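K.L.:
Chains as they are written, first to last, in my numbering: chain A, 530 to 881; chain B, 2 to 84; chain C, 8 to 409.
These aren't lab readings, by the way, just hints derived from the structure by calculation. Since the structure is predicted, the reported quantities are computational estimates derived from the model, not experimental observations. Wrong hints could be hidden among the right ones.
In silico DSBU-like cross-links for lysine-lysine, where the CA-CA straight-line distance does not exceed 35 Å [to be verified]:
| id | chain 1 | residue 1 | chain 2 | residue 2 |
| --- | --- | --- | --- | --- |
| 1 | A | Lys843 | B | Lys70 |
| 2 | C | Lys227 | C | Lys137 |
| 3 | C | Lys55 | C | Lys156 |
| 4 | C | Lys293 | A | Lys603 |
| 5 | B | Lys50 | A | Lys626 |
| 6 | C | Lys227 | C | Lys252 |
| 7 | C | Lys216 | B | Lys70 |
| 8 | C | Lys55 | A | Lys626 |
| 9 | C | Lys227 | B | Lys70 |
| 10 | C | Lys250 | C | Lys284 |
| 11 | C | Lys284 | A | Lys531 |
| 12 | A | Lys544 | A | Lys577 |
| 13 | C | Lys156 | A | Lys531 |
| 14 | C | Lys79 | A | Lys625 |
| 15 | C | Lys284 | C | Lys252 |
| 16 | C | Lys160 | B | Lys50 |
| 17 | C | Lys356 | A | Lys577 |
| 18 | C | Lys160 | A | Lys783 |
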Amino acid sequence: MKAYIHATGNISAQKTFGHPPLLQVLVEQSGNRMRCTEPDYSAFIDVKMIRRMSRIIKMGVAAAMECLQEAGVKNPDAIVTGTAYGCLEDTGIFLKKMVQQNEEMLTPTAFIQSTHNTIGGQIALLLQCHRYNNTFVHRGFSFESALLDAMMLLEEGNVNNVLAGSVDEITDISHAILSRFGLYKNGNVSNNSLYNDISGGSIAGEGAAFFLLTRDPSKNDYAVIDGLHTFYKPANIIEVSGQILSFLENISCKIDEIDLIIIGKSGDEAGDAIYTQIGQSVFANIPAIPYKNLCGEYPTSNGFALWLAAGIIKSGNIPSTLNTAITKKIKRVLIYNHYQNIHHSLLLLSAC
Amino acid sequence: MADLKKQIVEQLNLQHINPESIGDDQPLFVEGLGLDSIDALELIVLLQKQYNIKLNNAEDGPKVFRSVKTMAEYITAHQSQQA
Amino acid sequence: MYTSNAAVYIAGVGIISAIGNNTKACLHALEHYEAGIGPITSLLTIHKNILPVAEVKLSNKELAEATGLSEKISRTALLSMMAAKEAWEDAGLPHSKNLRTGFISANSVGGMDMSENFFAEFFNNPARGKLSQVVNHECGAVTELVADKLGIKHYVSTISTACSSSANSIFFAARLIKHNLLDVAIAGGTDALTKFTLNGFNTLQILDKDPCTPFDENRKGLNLGEGAGYIVLVSESVANEMKDKLYGKLSGYCNANDAHHQTASSPDGAGSFLAMKGALALSGLKASDIDYINLHGTGTYNNDISEGTAIQRLFEPTYPKMSSTKSFTGHTLGASGGIEAVFSALSVKHNFIYPNLRLHTPIQSLPFAAETVFQKNEKINHVLSNSFGFGGNCSSLIFSKL
């Protein structure tokens with residue numbers, strides 16, 4: 530199963546919206562929470578509709594619109610979205626009122642905006658798109674499930690293109706709770722020195738990344754997705770290696786054909802040990818760059834990674850802001866990421 | 002009615018609209034401001050919250066909420082009944 | 008490799024709802040007109056004694072004992088495990104390591120039944136509230152509690168598209184089998200009653216203060232329910248070894264979007280029409296081939312007229328028999344597609360047509376009426392099951408006799 534990445538749209542902590550030159554300037558943020566660099570949404574969304582959209586919906590809609598604009602497509606043949614946390618802000622607003630007002634005088638807006646499929650639903654509403662519309666909400670597999678659904682739709686032959694993407698946000702409430710679970714570093718860590726900090730935890734991230742995937746190639750495609758594979762709760766590093774090797778074998782890719790690996794190193798020592806071990810074994814001698822220092826850690830961060838991989842393949846080079854040592858032309862990129870050592874995913878992309 | 006207009010704008014998150022620009026007789030639903038059924042539910046709660054008035058019959062909604070003026074008249078009528 | 012005409016079979020069913028804790032009990036209730044709708048007993052809410060709901064009649068403690076899971080986890084997961092386990096055992100598949108098995112579940116608010124209690128304390132003081140109450144808040148976390156207990160890890164995912172969630176999870180699973188990524192899948196959904204959803208729906212003023220009357224001219228709204236429903240889907244090669252056990256085939260499915268309003272359905276039922284039409288097209292069937300429609304039929308003014316109009320447009324001039332089993336189980340949100348898939352599979356296997364309870368006056372503007380009598384004497388070859396939700400998400404499934 531293949532899919533061509535024909536267009537992208539990305540809102541992240543970096544300056545990624547509006548298709549500026551790939552990561553020419555990096556954004557530095559300190560603390561353990563990376564906030565998105567957001568556009569003026571009123572340029573994309575009618576003011577009458579904006580009032581019914583919380584921040585995460587605006588992020589998703591704007592990223593989707595930017596993607597469709599780049600593709601020159603008014604109405605995609607299907608819309609598939611992934612979100613692990615859903616619409617947290619509205620969920621929090623409704624819950625708070627429910628608790629503090631003792632279930633009295635509650636209003637519907639926050640409730641109807643809290644359902645996970647609101648993002649995909651609002652995109653469809655805006656575009657008047659009556660086609661297939663699905664939302665995956667499975668933690669660190671939310672984006673990958675959406676991608677898989679999209680790739681299956683393309684293979685089934687009833688659609689020519691699919692708008693697929695993911696979005697997750699951080700709110701004050703979610704950050705406070707996830708911090709209590711010990712997910713994040715304490716204190717003032719700059720994302721630029723994320724990997725120098727050996728304390729446990731990562732930095733929280735958020736973002737919206739959308740892709741227009743097509744069955745057939747066309748001019749100006751970013752890259753082709755050769756394969757996607759996910760595996761759940763691997764028993765040990767041996768299983769991780771085995772899964773990676775059998776994935777590559779299944780799509781007939783030899784290890785030395787890979788020019789670059791984008792890895793999901795999060796800054797958490799325990800979790801990152803897996804990347805170190807794999808880097809010394811299966812991926813020995815293959816250049817690797819991390820990406821979570823750019824976007825933070827969140828269940829659907831692979832959307833950012835796919836955007837980055839696609840951009841690198843399109844230009845053929847790794848931006849100098851990320852790495853100056855790797856000088857060869859990049860034609861084949863493997864993305865390997867895991868979320869809390871529970872959700873592991875592999876994506877292989879090639880130039881086309 | 003000026004206060005009521007401000008409350009409507011706030012309750013319905015009509016960020017782009019200046020309360021003073023809403024005409025007293027301007028239709029609120031479908032045309033005019035273009036509000037919908039969810040907004041109607043919000044306005045029902047607004048009546049309760051700000052004016053302690055319960056719209057007992059939901060079918061009266063379209064009449065009561067036709068314009069700011071009809072809303073104000075309903076409020077005046079029911080507030081005097083309560084007093 | 009994708010095989011478009013590969014058949015996908017139903018090999019097992021499992022269900023828990025307000026009308027029964029398992030398939031046999033639910034069928035008994037359906038046949039004896041015993042609805043599960045009544046006053047709220049478990050939730051601590053101001054709406055107690057005002058809004059009727061359809062509660063599963065087992066406590067978390069009893070569910071925990073039956074499933075082997077902890078009593079302290081989300082009820083959503085406990086209900087899910089009850090039904091998924093029944094479906095799995097019903098299928099009786101060999102514990103073969105060579106069968107690539109997936110678990111695709113669905114729910115609308117995950118572990119909110121526990122999280123809403125956490126937030127009551129948290130909002131007073133962000134350092135308060137037991138973390139154990141939110142650790143499985145996410146929709147996907149609930150799924151994983153069950154997948155882990157069932158020992159399924161080859162492929163696990165969760166869908167959330169409001170009321171069409173588990174219909175979507177079922178046909179996503181079927182497609183995974185057709186793409187030769189899985190041999191077997193347990194698919195469906197679950198949802199537990201929560202104050203969050205009860206209050207949310209109440210603000211929309213679409214809850215009936217009496218037991219609901221779907222497809223009745225004087226219907227006043229829906230009753231929320233809880234439960235879980237799963238079916239076990241298998242590929243043709245697996246099905247070949249279990250011919251007698253099979254319930255039927257999933258012969259058609261479609262997902263379309265109404266794109267009309269965030270919560271209300273369009274008056275002409277555009278999304279519903281497209282979903283039903285698409286499912287028919289995929290199955291290769293004509294509208295007149297459908298013997299029974301298990302309606303989405305929530306009992307709200309809006310859904311029933313919208314769905315009814317779409318049915319009129321698609322099926323006229325002759326209409327199949329139809330009914331809404333939500334008149335028994337209430338509207339179980341994320342579980343409804345799964346629960347109704349179980350009823351549909353049983354319908355094609357045993358020729359059941361379920362009654363639509365409390366129907367006094369059929370909707371006057373529609374040229375058909377729902378069935379009010381339980382039937383099992385006519386041959387049922389094809390059943391259409393509808394699930395339409397917020398966000399315009401409309402899905403229809405077609406189950407066919409072998």
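K.L.:
A separate judgement is required for each hint: does it hold in the structure or not?
P.N.:
Checked hints:
1. A:Lys843 with B:Lys70: Roughly 60 Å between the alpha carbons, so the hint for lysine 843 (chain A) and lysine 70 (chain B) is violated.
2. C:Lys227 with C:Lys137: violated, 39 Å
3. C:Lys55 with C:Lys156: holds, 34 Å
4. C:Lys293 with A:Lys603: holds, 32 Å
5. B:Lys50 with A:Lys626: Holds. Lysine 50 (chain B) to lysine 626 (chain A) sits at ~13 Å (cutoff 35 Å).
6. C:Lys227 with C:Lys252: With Cα atoms ~41 Å apart, lysine 227 (chain C) and lysine 252 (chain C) exceed 35 Å; violated.
7. C:Lys216 with B:Lys70: holds, 33 Å
8. C:Lys55 with A:Lys626: Holds, at about 19 Å.
9. C:Lys227 with B:Lys70: Distance of about 30 Å is within 35 Å: holds.
10. C:Lys250 with C:Lys284: Holds, at roughly 30 Å.
11. C:Lys284 with A:Lys531: Holds, because 29 Å separates the two Cα atoms, which is no more than 35 Å.
12. A:Lys544 with A:Lys577: holds, 27 Å
13. C:Lys156 with A:Lys531: Measuring from Cα to Cα gives roughly 34 Å; hence the hint holds.
14. C:Lys79 with A:Lys625: Measuring from Cα to Cα gives roughly 23 Å; hence the hint holds.
15. C:Lys284 with C:Lys252: holds, 30 Å
16. C:Lys160 with B:Lys50: violated, 51 Å
17. C:Lys356 with A:Lys577: The given pair, whose Cα atoms are some 50 Å apart, is violated under the 35 Å limit.
18. C:Lys160 with A:Lys783: holds, 27 Å
Against the hints set out earlier in the document, violations occur for numbers 1, 2, 6, 16, 17.
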